[in-house]
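A.B. asks: All chains should be modelled from the sequences, with the hints used to inform the complete structure.
Chain residues, written in single-letter form:
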Amino acid sequence: MWKALSRALLLALAAALPAPAAAAQTAAPRTEAPATVSGRVTDGERGLPGLTVAIYSNDAESRNRPVARAKTGAEGEYRLTGVPPGRYFVAPSAPTYILRDVSGFQPGKQLTLAAGETVDNVDFRMERGGVITGRVTDADGQPIVGEAIQIVPADDGQRGPFIGPRFDPREMQTDDRGVYRVYGLAPGRYKVSVGRGEETGSVRMGLARKLYRRTYHPDAEDAGEARVVEVKAGDEANDVDIKVARTLKTYKVGGRFVSAETGEPVPGVTYGFTVVDRTGRSRGFGGFGGGMPAGARGEFEAEGLSPGRYTVVVTNNDGSGEMIADPVPFEVVDADVSNIVVRLRRGASLSGVVQFEGTVDRATAARLIQQLRAYANVDTRGQTVMMPAFMRPRPLAPDGTFTFRGLTPGRYRVGVTGSDDSRVTIVRVELNNAPVREGVEVRDGAQVTGVRVVVAYGQAVIRGQVNVTNGTLPATGRVMAMARRVSGGEEGGGARAAEVDARGRFLIENLAPGDYEVRVSVFNAGRPLFSETQRVTVSGDSEFQLTLTLDMTAPPGRGARP
Amino acid sequence: MNEQHRRRPLRALFLALALCAAAPCLAQTPAPSQAPTPEPTPGRDTSTGTIAGRVVGEGGEPLSGAAVYASRRAASAPAAGRRLTATTEDDGSFALTDIEPGVYSIMAALPGYVSEIDPLTGRTPGAYRPGDTATVRLLKGGVITGRVTDAQGEPVVALGVRAFRVRDPEGRPSTPLPGTSMEDKTDDRGVYRIYGLAPGAYVVTAGGRPTFFGPFPGAYDADAPTFYPSATRDTAAEVTVRTGQEANGIDIRFRDEPGRRVTGRVEGPAAAQGADGSIAVSLVYASTSLSGGSTFIPLNSERRSFSIEGVADGEYELFANVNSREGVLGAAPPQRVTVRGADVTGLKLVVSPLSSVSGKLFVEPAAEAEKALPECKTQPAVMPSQEVVVSARRERAAGERPDGLARPFSGADATPDRDGSFTLRSLGPGRYRLSALPLEEAFYVRAVQAPSSAPALPQPPATKRAGKAAAGSAQPATAAAPSDDVLNLASGQQFSGVTIRVAPGAASLSGVVEGRVGGPAPVWTLQSRVYLVPLERERADDPVRYAEAVPASDGSFAFKNLAPGRYRLLAREAGAETAGPLMRPSYRDADARAQLRRDAESSGAELELKPCQRLTDFTLRLQ
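Protein chains in written order, with the working numbering: chain L, 1 to 562; chain D, 1001 to 1623.
It should be emphasised that the hints constitute simulated quantities derived from the structure, not laboratory data. This structure is a prediction, so every number in the text was calculated from the model and none was measured. C-beta: ideal position from N, C-alpha, C; glycine also. Mixed in with the good hints there might be a few duds.
Ranges between beta-carbon positions, derived for each pair [to be verified]:
{"id": "1", "chain 1": "L", "residue 1": "339", "chain 2": "D", "residue 2": "1618", "range": "31 to 41 Å"}
{"id": "2", "chain 1": "D", "residue 1": "1154", "chain 2": "L", "residue 2": "45", "range": "21 to 31 Å"}
{"id": "3", "chain 1": "L", "residue 1": "362", "chain 2": "D", "residue 2": "1492", "range": "24 to 34 Å"}
{"id": "4", "chain 1": "D", "residue 1": "1497", "chain 2": "L", "residue 2": "438", "range": "52 to 62 Å"}
{"id": "5", "chain 1": "L", "residue 1": "398", "chain 2": "D", "residue 2": "1492", "range": "38 to 48 Å"}
{"id": "6", "chain 1": "L", "residue 1": "46", "chain 2": "D", "residue 2": "1335", "range": "46 to 56 Å"}
{"id": "7", "chain 1": "D", "residue 1": "1419", "chain 2": "L", "residue 2": "358", "range": "54 to 64 Å"}
{"id": "8", "chain 1": "D", "residue 1": "1341", "chain 2": "L", "residue 2": "63", "range": "21 to 31 Å"}
C.D. replies: Below you can see the structure in the form of structure tokens.
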């Protein structure tokens, strides 16, 4: 389950961030002279000896593979040798330390290395983390095994316990003795707890197990009474024990799916629950448990719902199911809930075709049609809970057509996505030959046809260099170059992004011919910082070079939208 | 709910399958194979029932808060409507209600505990039908703990440490089960603690490719794993884990050695581009089920090359499977790979589509003569076809080592639908034996017939056939023919038309085997067997009439689902394959059956089982 959760999280993150450009198509022959990377790891002043620094591949086929590693010397210096030319990122591997000033996705520095070159001064600032350890027991003094620990800042505005995300849940769980030990914590004041709140409602996914009422160290159910744990750099806060007095009762919920028209049972839909607020609005994806199939007589029953407000949602993961549900909010208080009748009706549909702009040879077009996936994402913000839950992109028919069924009313952003070797640029989206700007409006039960997604495919390349003025690129965070196609009147997806490496270099590949606006964005704490914007026209499979200036003292969030 | 037929669960379904498998029971009345195809008898297949029970610890103490879940076994479609889950109350009790007819596994889980493993089968016990009562036993898992340090004695932090069971407590090669492959990460002191381990012998590895999917790569990801204490697989020390006990001080000196790469291409008709799905390529240490690395290729990409990183030196088998939401579409035959100090490149794996076998199960009505018998009046005369497990097991190919390990796609189980139709899916090419086992004790398998379109089968010796023809003169020759339970599957073949008939009136037999008069007490092991050998001449070589059981340590044995008829009972102290999930019946070929008949003639006890008879307390004395 954790695996699935972290994967979902990653997907969400990946979706939220601009997609990195495709890997270099030409794998470097092994005979090329290797490159060298060196730098220093310090705490800001002194060097940190004995830490591991590694360089990892950033190529699509071997992403994240460590290629070389070294330990820092007495002054914190390190030297990574024998690195074949290619795309990489460099990062210290010292989990008991924390990287300072990090807010980015991947704590490391991007580097594109040419044959035989030496890159110096790839430096990192790190800070020694602290440890919190203790034991979690139940009302009988028995250990609570395999329970997740939550550590949150005690004071408003304080940074989190982990600098940079930390996804591995095993580092945050009690063992068979109820003992936990969390290390690499940023110095600060924290509240430590286990269990879940009573107030929010939650649907237990996967395996049923005992749920505990959220309890803070040492035995407080109220966060206000939690004893604050102080973590100092390099120190260990031990005996941070938690005594949990109460378990959290969960209940069964059951009912049946019927046709809104005939009242007859509807078999075979997949469903889930989502937590809603007092007005019946979804609280987003939080507390969603889904993907369970209803029975042959339309019946459903699920257990593991804690007290709270919910509604039943029909899931339509691949956009092929036709039915949607009228929302049926219900509340779990202190008993099982049964006989929920969910009325189903036929949802709206949306169909269209993907077409190529310009000339693409038949074989390439056929390959791309096979590899591309169409998506229709409803704008969920402020929408009712009737949305289909996480609709996956759908394959295209051989003639490039696609259809989504079972849609709830709303505004849908339609487009196509591809993998590394099938990246296309969405030129524009049309509805009945008219360009669409803010998504396609789908009314209740409507059958929307005539959507056309015009895409362009090409193999032009933009190679860029960022000249940083009034400062340096941040040690961490994410620096992206983005090329936005301005010819054609595009809707979403018309931008192509690539990572900018530690030396300010970037490469944007697989560009369709056309006019592009290119700029660099620095995503770090707060609002992004933008470079100047430049316009470039590309064609064929040629390479276009440009230089961009990034003023580190420019006000964040400003700059012309490319 | 169906309370009137509260039956005891069949413990050790898989053993029973393996044993009664290729031949549960009789055919007193030959199947009317020339008559029109019989209509399947409607059973009580619309009624639902409850599986209730308790989850207890080793000493029978109730375990509260344990997750209990039922899964429909070998069903063509998953049980819909809800998750069949429950959490146990303070007294350890649970009830799963409104369960459709079918064969279910009941599993329980509680952090730190492991499922009880049946020593005979090496699997978790239990196959249940609605109406059954289940007592699920959980044992406190074992613990392996220690510290990982580098060459300088410094702790290695955030390194994955994995414990893999290589042998079960009976010393047999371990098959993957919950609690037999667990991992942890070292903390800031280099300490790891792996808990919830099933008993058995383990190897412990530090480093190597992480199995956890995380965004952060580790500096050691491309290293070869180091085996405890500071070894390769060949020289690894085994750690014995006992129920509820802690093996501590399992300290590992990390070797810091680069892993090798195993690369190649996947080809073949099942690797065609386009479908949603992926090709899984995995390396498995030869003669264990221990993973040595794996990778995935999305089917919708053009790439068909693979690269498995961080591989340690050793002997491996390389597998490739094509997986989709519809199941496993294709597979490559396992390929032996030896890694010795260098990358292995240029491998080619050819994936071929998998095969299936489909057919129909007929639940026959009781004969009038049987119905009149007083013993039969108390037995159910109908049963849902969903409560029969149909199995196919690949026969070991010539030259294949009997290492006791499951070869992928060499067997399948299915439970028929309501109308009796079943499909055994995801089978590789080879020679298969079909079998069936009704969970209802009152039924036996009358016949298993692969259609005549099946490729030619080896015939029993000519003398036997001559004898059979003479004895069966009153019957149509085909009706007297033994069950045709073997078929050959070609790659991608969709074999259909198998017919299985089950009938009511089954007998059962239990008793004890005693030692020779004046001789030493016999020692019963997992290699010991008690056999039932048919006596009627026309049934002498019918595999469905043979049965075998593994006697308990006190020599007691039990047979169920037996065809009424005359038998000889025979015991052998040793010599059969060790019991386990892959145990195949000893009587799987005509030669073995002939040998059993000869042995039974000289040393067996003769007995007759009447329809519906429950023969107990039978004493067999070794000759």
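A.B. asks: Confirm or reject each hint.
C.D. replies: Evaluation of the provided hints:
In this structure the hint that residue 339 of chain L and residue 1618 of chain D lie 31 to 41 Å apart at CB is violated, the actual value being about 54 Å. Separated by about 24 Å at the C-beta atoms, residue 1154 of chain D and residue 45 of chain L satisfy the suggested range of 21 to 31 Å. Remark: the range hint 24 to 34 Å for residue 362 of chain L to residue 1492 of chain D is upheld by a beta-carbon distance near 30 Å. Distance hint for residue 1497 of chain D and residue 438 of chain L: a CB-CB separation of about 59 Å, consistent with the stated range 52 to 62 Å.
Look at residue 398 of chain L against residue 1492 of chain D: about 24 Å separates their beta carbons, and that is not inside 38 to 48 Å. Checked against the hint of 46 to 56 Å, the pair residue 46 of chain L and residue 1335 of chain D passes, with Cβ atoms roughly 54 Å apart. Distance hint check: the CB atoms of residue 1419 of chain D and residue 358 of chain L are about 56 Å apart, consistent with the given range 54 to 64 Å. Here the CB-CB span from residue 1341 of chain D to residue 63 of chain L is close to 27 Å, well matched to the stated 21 to 31 Å.
The structure fails to meet hints 1 and 5 from the earlier list, while all remaining hints are met.
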